[in-house]
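K.L.:
Sequence:
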Amino acid sequence: MQKIKVKNPLFLLDEIEKMASDYRGDPSSAMLEVLDPEQNHTFNDHYLEVDYDLSQVMFVATANSLDLPQPLLDRMEIIELAGYTEDEKLQIAKRHLIKKAMENNGIKTSEISFKDSAILDIIRYYTREAGVRGLSRTISTICRKVVKEVVLKKRKTKAMISDKTLEKYLGVRKHRFGLAEEENQVGEVTGLAWTSVGGDLLTIEATAYKGKGKLNYTGQLAM
Numbered sequence: 080m081q082k083i084k085v086k087n088p089l090f091l092l093d094e095i096e097k098m099a100s101d102y103r104g105d106p107s108s109a110m111l112e113v114l115d116p117e118q119n120h121t122f123n124d125h126y127l128e129v130d131y132d133l134s135q136v137m138f139v140a141t142a143n144s145l146d147l148p149q150p151l152l153d154r155m156e157i158i159e160l161a162g163y164t165e166d167e168k169l170q171i172a173k174r175h176l177i178k179k180a181m182e183n184n185g186i187k188t189s190e191i192s193f194k195d196s197a198i199l200d201i202i203r204y205y206t207r208e209a210g211v212r213g214l215s216r217t218i219s220t221i222c223r224k225v226v227k228e229v230v231l232k233k234r235k236t237k238a239m240i241s242d243k244t245l246e247k248y249l250g251v252r253k254h255r256f257g258l259a260e261e262e263n264q265v266g267e268v269t270g271l272a273w274t275s276v277g278g279d280l281l282t283i284e285a286t287a288y289k290g291k292g293k294l295n296y297t298g299q300l301a302m
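Numbering (the numbering used here), first residue to last: 80 to 302.
Read the hints as simulated data drawn from the structure, not as lab findings. A couple of the hints might just be wrong.
[Claimed, not checked] Calculated pairs, DSSO-like style, for lysine-lysine (alpha carbon to alpha carbon, straight line, at most 30 Å):
#, residue 1, residue 2
1, Lys233, Lys173
2, Lys243, Lys173
3, Lys293, Lys247
4, Lys289, Lys247
[Claimed, not checked] Ranges between beta-carbon positions, derived for each pair:
#, residue 1, residue 2, range
5, Lys232, Arg252, 43 to 49 Å
6, Val129, Glu208, 38 to 44 Å
7, Thr164, Ile283, 35 to 41 Å
8, Met137, Tyr288, 57 to 63 Å
9, Arg212, Gly250, 17 to 23 Å
Just so it is clear, CB atoms sit at the ideal spot from N, CA and C, and this is done for glycine as well.
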């Protein structure tokens, strides 16, 4: 505040849920005083031993989850934002991520090309996320492997990355996408699940064994 010389700046607290509490202190306790409008006009910095008036400051916090102490959540207005859709991720990859990965890895447009089918398969089968960080890392991985092929002179033609060639660079698929079992299996049933990424199909497995008549529940089940 001293540097920008205003009393009403905008402070962005990025990924606030990653604040850690240990023997060195509890940052979330300090944030209670900072975000409380009844107290922040006389906020005291215990390190500098100086009082600050934070009553006119606009605080905006971002988080990937609401895994925060409840008293801290009570001092915030929660605004939930949906993750990127599949089409949005595709356009972000085509317009920004691929260009950035190629520049960072020193590869030319004459040496590699990504088809839309490849990008969609990366989104569906290799990255399950609300954002695009994993997508960016995966595209960079492919670029580095193509660079290696070029340097070792194992490739003399342009690398066309399609859904048919993805396994060569990324291995077997890590996730399943939107398909139930084609054939019924004994002891399995398809259910629905919700994650931070969105809706998903969940395979529920059951097995029979001799018990004692007791029923045990595991997981987050509403009874």
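K.L.:
Does each hint fit the structure? Answer for all of them.
P.N.:
Consistency of the hints with the structure:
{"no.": "1", "hint": "Lys233 <-> Lys173", "in the structure": "26 Å, holds"}
{"no.": "2", "hint": "Lys243 <-> Lys173", "in the structure": "19 Å, holds"}
{"no.": "3", "hint": "Lys293 <-> Lys247", "in the structure": "49 Å, violated"}
{"no.": "4", "hint": "Lys289 <-> Lys247", "in the structure": "46 Å, violated"}
{"no.": "5", "hint": "Lys232 <-> Arg252: 43 to 49 Å", "in the structure": "30 Å, violated"}
{"no.": "6", "hint": "Val129 <-> Glu208: 38 to 44 Å", "in the structure": "42 Å, holds"}
{"no.": "7", "hint": "Thr164 <-> Ile283: 35 to 41 Å", "in the structure": "27 Å, violated"}
{"no.": "8", "hint": "Met137 <-> Tyr288: 57 to 63 Å", "in the structure": "59 Å, holds"}
{"no.": "9", "hint": "Arg212 <-> Gly250: 17 to 23 Å", "in the structure": "19 Å, holds"}
In this structure, the earlier hints numbered 3, 4, 5 and 7 are contradicted, and the remaining ones agree with it.
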